[in-house]
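Undergrad: Fit chain S to the given chain L structure using the hints.
Here the protein sequences come in this chain order: L and S.
The numbers in this note's numbering rise by one with no breaks, and the one at position 55 of the first sequence is 55.
The numbers in this note's numbering rise by one with no breaks, and the one at position 105 of the second sequence is 1105.
Possibly wrong hints are sitting among the right ones.
[To be verified] Not everything, but these chain S residues come out facing chain L in the computed CB check (under 7 Å):
no. : residue
1   : Tyr1011
2   : Ala1034
3   : Gly1038
4   : Gly1063
5   : Cys1064
Simulated from the structure, these hints should not be mistaken for lab results.
All values derive from a computational prediction rather than experimental measurement.
The beta-carbon is built from N, C-alpha and C at its ideal position, and this holds for glycine as well.
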Amino acid sequence: MKLPIYMDYHATTPVDPRVLEAMTPFFTQHFGNPASRNHAFGWEAEEAVETARKNVADLIGATAKEIIFTSGATESNNLAIKGVAEMYREKGNHIITCVTEHKAVIDTCKKLEKQGARVTYLPVQKDGRISLDDLRAAITDKTILITIMAANNEIGVLQPIAEIGAIAKEKGIIFHTDAVQIVGKVPFNVNEAKVDLVSMSAHKLYGPKGVGALYVRRRNPRVLLAEQINGGGHERGMRSGTLNVPGIVGFGKAAELARQEMATESQRLRTLRDKLNAKLHANLDEIYINGSMEHRLPHNLNISFAYVEGESLLMGINDVAVSSGSACTSASLEPSYVLKALGAGDDLAHSSIRFGLGRWTTDEEVDYVVDRLTTVVRRLREMSPLYEMVKEGVDLTKMQWVAH
Amino acid sequence: MAYSDKVIDHYENPRNVGSLPKDDLNVGTGLVGAPECGDVMKLQVKVNPDTGVIDDAKFKTFGCGSAIASSSLATEWLKGKTVDQALAIKNTDIVAELSLPPVKIHCSVLAEDAIKAAIADYKKKQGDAKGDAAADTHAQPSA
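With the rest of the complex left out, here is chain L (with noise of 0.2 Å):
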């Protein structure tokens, strides 16, 4: 076994050998720009580009013109979500989130609330999901689009995209989803899922970094988004900029494998998480999962360790990269506000781990993890004043704490 060993898959995930292989002629000898007509390097650009988008389409059961290949899920949650809001001004200005989502979704909202826009953050249940009863409520006639996330970066939890797909059909709204953790691990289908926009990139499921895609509904409604970067037209005029060729087949080969692997991995990963769980929860009291186990990916856990804070969990398993909601640990001051709107109190969001599995991961490894952190928590609990005081018959939520 190496170390360090990486259970942080939500994060990033390392190119796959097979995807770099696909990628590398596209530096040096198929360098050519898709959008030269005229000569074979431009065609040769341009078909594995197509054929790049017909396996990210195929992933998600959409057809290759659905496909705009942006920089990112950070560009094509802008995309979709500035592009709808502009294209659809004059029918209403309304937007419905959750307050879960990632960054670049709530980011992007709030940036259209200064600009005149009006959104209903929806809150989450104790199970990280929205009620679908608050969705319907918050729905007026200026609804334009409603945004919610697949499946949550920090908990993993899904939400219910099916019937949030056949409320905003009912209603004629358009639906948007960033599906950045969901695709190429779950089987998820455009159709069934009845969304118009969805959000994906490539280095969530093995492919590079720097390239992603936003697929955008063309029948049944066909959606139309004001385009946000202005140039050569490419991308059916919805995303200007000379297309990034290796990414983009790199991309395409990762959509590819996910398709051919994903049953037999995601239940491979789905065993060695539920072994950790278990695992941790035999050797260790007082640890919570974070979000509904039950509507969640299967290769993320996360749990909050009471009585311990994150940042020095983290330094005890210097060997492990997993990530946590504290804020020690991040560039924010303010712990995660994703546990936070769970409900389940800032010191618990302080001590909480988030693990993501991936492709690599072994059951030897998910074995010393469970070992490192166990001997850590007991560690840490030992120099812990909560855990002493609760041991001593301490109510912590009783008493008087001076913030600072």
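TA: Positioned in the frame of chain L, the structure of chain S alone reads:
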């Protein structure tokens, strides 16, 4: 973010982890911070009543590595100091010793607060003890 070697050393080999009997008249206990903020420090001093010197100091901390290191260092420094010398420890001394980056300065502030709270508790107990003794003589009916 990289930690300084001293922070790592205190995290891996914390000095003086534990608890002193908090009802002991010569023990002062400081509990500062809040779980929602991600750090809570409990720092205790045991003062020799004859010399006024801190004989022992213990801590327990819920917090990041820098918070653990700050409180661990504080207990090291407290031992052997008089109560007044202890109050002279400044958070900036801790920052300098541990090479804390700007985002971790609050950890040192919390450690200074914990020292002050522990000493204040000790002084309060000493004052109350005298007061109680006086009160007792008044309240206790002679048997």
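Undergrad: Determine for every hint whether it applies to the structure shown.
TA: Each hint, compared with the structure:
{"no.": "1", "hint": "Tyr1011", "verdict": "holds, 6 Å"}
{"no.": "2", "hint": "Ala1034", "verdict": "holds, 3 Å"}
{"no.": "3", "hint": "Gly1038", "verdict": "holds, 4 Å"}
{"no.": "4", "hint": "Gly1063", "verdict": "holds, 5 Å"}
{"no.": "5", "hint": "Cys1064", "verdict": "holds, 4 Å"}
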